[in-house]
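Chemist: Sequence:
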Amino acid sequence: MVDVPGGQVFVQRWQPALVTSGAACPIVLLHESLGSVGQWHDFPARLAQATGREVLAYDRLGFGQSSPRSDAPSLQFIAHEAQQHFPALVAALGLERYALLGHSVGAVMALHIAAAHPAQCQAVLSLSAQAYVQPQTLEGIRAAQRFFADPQQWARLQKWHGPRLDWVFRAWTDVWLHPDFADWSLDPVLPQVSCPVLAIHGQHDEYGSPQFAQRIAAGVAHGQVLLLDCAHHPHRQQVAQVLAAAQDFLHDLTVAGAPV
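My numbering puts the first residue of the sequence shown at 18, with every later residue one more than the last.
Because the hints were derived from the structure by calculation, they are not lab data. Here the structure is a predicted model, which means the values were calculated and not measured. Quick reminder that beta carbons are idealized off the backbone N, C-alpha and C, glycines included. The reader is advised that the hints may include incorrect statements.
What the hints assert, rightly or not - Simulated restraints, written as ranges between beta carbons of each label pair:
(1) Asp200 / Asp20: 16 to 22 Å
(2) Gln101 / Asp191: 15 to 21 Å
(3) Ala89 / Gln162: 16 to 22 Å
(4) Met18 / Gln151: 22 to 28 Å
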């Protein structure tokens, strides 16, 4: 448990069996809107083995095993994570440099962090990030509302968040469906991202089209796109391809002489 403004966050670490380079920075995972450390399942361990790097994941405040929250979700929650909670986490863990891998809104947060902390963030692997609000994004969220109205599906999700789930769910739906959030976009942030970015996106993502990845890659200084035959969870639906892409992406940066 690590102290951050407003409470404590739960952190878990995975070490590779064989470290490829003692100078390689760790990879920090940032979860999706309904996610938690536990919901990464075995992906962090497999990522550590594939890349030869330490992998860390944390539950954002209010999620998983971290301190609960009762405050109303903020429309600026993405920027707040990059400016307040994540820097406190990094300081507490003593991380001087890191690569980021985020999923969905966690990937959006990763790009905000990269823009705000260019000296520390060495690379970003973006999985299924939203670049702006598409009608498809809102339709996907409304479909999820109907899906989790089923008590059995709600109970499956509650297993990860316990009594925090009501807040977790509202923090997602209340913000993204809010009329004042309709004009949100990553466009102002992307030009400030100087590190390499690999934007991975499923061709059948229910929350947004491949245009998201293309817009991200075009907006940053050094961007690449990888489109996969899957929906919103590439690290579950195409795990071998994601692990291979992460390994190649970070290895190429190291070979090129970047301090990654």
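Chemist: Looking back at the numbered hints, which does the structure fail to meet, lowest number first?
Modeler: 1 and 4
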